[in-house]
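*Asks:* Here the protein sequences come in this chain order: A and B.
So the first sequence is numbered by this note's numbering: it starts at 18 and just counts up by one.
So the second sequence is numbered by this note's numbering: it starts at 31 and just counts up by one.
These aren't lab readings, by the way, just hints derived from the structure by calculation.
Check each hint, because a few of them may be wrong.
Said to hold, decoys possible - Mimicking BS3-like on lysine-lysine, the simulated pairs with C-alpha atoms at most 27 Å apart in a straight line are: (1) Lys152/A - Lys68/B; (2) Lys152/A - Lys121/B; (3) Lys101/B - Lys152/A; (4) Lys76/A - Lys87/A; (5) Lys152/A - Lys86/B; (6) Lys143/A - Lys262/A; (7) Lys121/B - Lys68/B; (8) Lys87/A - Lys99/A; (9) Lys210/A - Lys255/A; (10) Lys86/A - Lys69/A; (11) Lys53/A - Lys96/A; (12) Lys99/A - Lys86/B; (13) Lys86/B - Lys143/A; (14) Lys87/A - Lys47/A; (15) Lys143/A - Lys121/B; (16) Lys39/A - Lys69/A; (17) Lys96/A - Lys86/B; (18) Lys86/B - Lys52/B; (19) Lys87/A - Lys69/A; (20) Lys152/A - Lys96/A; (21) Lys53/A - Lys69/A; (22) Lys52/B - Lys143/A; (23) Lys143/A - Lys53/A; (24) Lys76/A - Lys39/A; (25) Lys53/A - Lys99/A; (26) Lys262/A - Lys173/A; (27) Lys52/B - Lys101/B.
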Amino acid sequence: MITAGIDMGSRTVKVVFIEELKVDGAPQLKWGVKGKHIMFPDELDADQAADKAFEDALKGAGITRDQVKKVVATGAGRKQVKFATSDVTEVGAGARGAVFMCPTAKTVVDVGAEEGRGVKANAEGKVVDFAGNEKCAAGAGAFAESMSRALQLSLKDFGEASLRSDKTIPMNAQCTVFAESEVVSLIHSATPKEDIAKAVLDAVASRVCAMVRRVGIEDEVILIGGMVHNPGFVQSLKVALGVDKVLLPDMPEYISALGAALIAAENNA
Amino acid sequence: MIANYGYKDGSGEFYISIDTDKCTSCPVEHACLTGCPKGMFEIITDDYDDVVAAVKQSFRRSLAFDCSDCKPVGGYTSLPCTTACTPGAIKHSW
Numbered sequence: 018m019i020t021a022g023i024d025m026g027s028r029t030v031k032v033v034f035i036e037e038l039k040v041d042g043a044p045q046l047k048w049g050v051k052g053k054h055i056m057f058p059d060e061l062d063a064d065q066a067a068d069k070a071f072e073d074a075l076k077g078a079g080i081t082r083d084q085v086k087k088v089v090a091t092g093a094g095r096k097q098v099k100f101a102t103s104d105v106t107e108v109g110a111g112a113r114g115a116v117f118m119c120p121t122a123k124t125v126v127d128v129g130a131e132e133g134r135g136v137k138a139n140a141e142g143k144v145v146d147f148a149g150n151e152k153c154a155a156g157a158g159a160f161a162e163s164m165s166r167a168l169q170l171s172l173k174d175f176g177e178a179s180l181r182s183d184k185t186i187p188m189n190a191q192c193t194v195f196a197e198s199e200v201v202s203l204i205h206s207a208t209p210k211e212d213i214a215k216a217v218l219d220a221v222a223s224r225v226c227a228m229v230r231r232v233g234i235e236d237e238v239i240l241i242g243g244m245v246h247n248p249g250f251v252q253s254l255k256v257a258l259g260v261d262k263v264l265l266p267d268m269p270e271y272i273s274a275l276g277a278a279l280i281a282a283e284n285n286a
Numbered sequence: 031m032i033a034n035y036g037y038k039d040g041s042g043e044f045y046i047s048i049d050t051d052k053c054t055s056c057p058v059e060h061a062c063l064t065g066c067p068k069g070m071f072e073i074i075t076d077d078y079d080d081v082v083a084a085v086k087q088s089f090r091r092s093l094a095f096d097c098s099d100c101k102p103v104g105g106y107t108s109l110p111c112t113t114a115c116t117p118g119a120i121k122h123s124w
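Use the sequences and the hints to build the structure in full.
*Replies:* Shown next, in the form of structure tokens:
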């Protein structure tokens, strides 16, 4: 049986197909990833974006729509996926996917483009406690992206640059708009780019950490979402949380879509 | 599940926490719906098919202002929502 999860994020659409496995002697390996696909929509029509991403994902995985028994949508635009059988919140999907990837993880930190959140999950991947920030982007990937543009660095260089700094420059602004003006002030005062990059990522980590502390930090901590690809942020988060290790799963930006696909499979079983 | 709705900004941390395990067998028939003078609560079916209370999306970014009338400065000695919710599922962080 094949099921699908589709994560309609604010920047990208992610699709994951999973299929039932029959592995003798390893009953825990019940589901395997059949295919995954990410799309950066170039137009604002969410309905079309969902359809196109799904069709492309089907082609990529070499399967037909009829073979997919159930589709569960998640993410900020989950209600706009018209062909989905049902939908789940990004909190529930993220927790399920994260625990599937790292069964020892209890604290899930999800930092996507639009929002960051802290989630405490149980061994089955069910949410026990969660907190997000509904108000602003200052604890999310879009903020880091905006600041990297202000520094005229690619996102990759931005993350790597921050690792070269050992300075701690506090960013006082809580809002992305004001933070950008703070960054401009730092540029004008000839502060090295790597120090500014670290200051920005420390600020994002500090805001994310406030949400995680609200739910409580329990070993082990797993980070999911696109910010996993930013090594500077991962380092800043470790320091902010006061932990030695943060688990970084494979295909981090697909974890919520994977969680949705798992929920589809489990509810269909 | 503890669901924290709200945000942290430069002026503080403003979260309404709802212990949804206490909602599933609500003995006061979701009194939070009428208890809140601004009607900020709604009943939803969550990801685990439990019927629980939640803060409406439209209020989640402005709790500091929306709840201010019910704080001591507004003349209340206790919050109407937490008073109405006798199982004690609702808590304010500020």
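*Asks:* Assess, step by step, whether the Cα of Lys101/B is no farther than 27 Å from the Cα of Lys152/A, and give holds or violated.
*Replies:* 21 Å, holds
*Asks:* Between Lys152/A and Lys86/B, does the CA-CA distance stay at or below 27 Å?
*Replies:* 14 Å, holds
*Asks:* Taking only the CA atoms, is the gap from Lys121/B to Lys68/B under or equal to 27 Å?
*Replies:* 17 Å, holds
*Asks:* Checking one constraint from the list: CA of Lys39/A to CA of Lys69/A, max 27 Å. Satisfied?
*Replies:* The hint is violated at about 31 Å.
*Asks:* Is Lys53/A within 27 Å of Lys69/A, Cα to Cα?
*Replies:* 14 Å, holds
*Asks:* Checking one constraint from the list: CA of Lys52/B to CA of Lys143/A, max 27 Å. Satisfied?
*Replies:* 17 Å, holds
*Asks:* Is it true that the CA of Lys152/A sits at most 27 Å from the CA of Lys121/B?
*Replies:* Between Lys152/A and Lys121/B the Cα gap is close to 19 Å, so the pair holds against 27 Å.
*Asks:* Quickly compare the C-alpha distance for Lys53/A and Lys99/A to 27 Å and report which way the hint goes.
*Replies:* This hinted pair holds, its Cα atoms lying about 20 Å apart.
*Asks:* Could you grab the alpha-carbon distance between Lys76/A and Lys87/A and see if it respects the 27 Å cut-off?
*Replies:* 17 Å, holds
*Asks:* Does the alpha-carbon distance linking Lys152/A and Lys68/B stay inside the 27 Å limit?
*Replies:* Given that 27 Å is the threshold and the Cα spacing comes to 19 Å, the pair holds.
*Asks:* Given the hint that Lys87/A pairs with Lys69/A, does the C-alpha gap stay at or below 27 Å?
*Replies:* 17 Å, holds
*Asks:* Do the alpha carbons of Lys152/A and Lys96/A lie within 27 Å of each other, as the hint requires?
*Replies:* Judged against 27 Å, a Cα distance of about 20 Å means the pair holds.
In this structure, only the earlier hint numbered 16 is contradicted, and the remaining ones agree with it.
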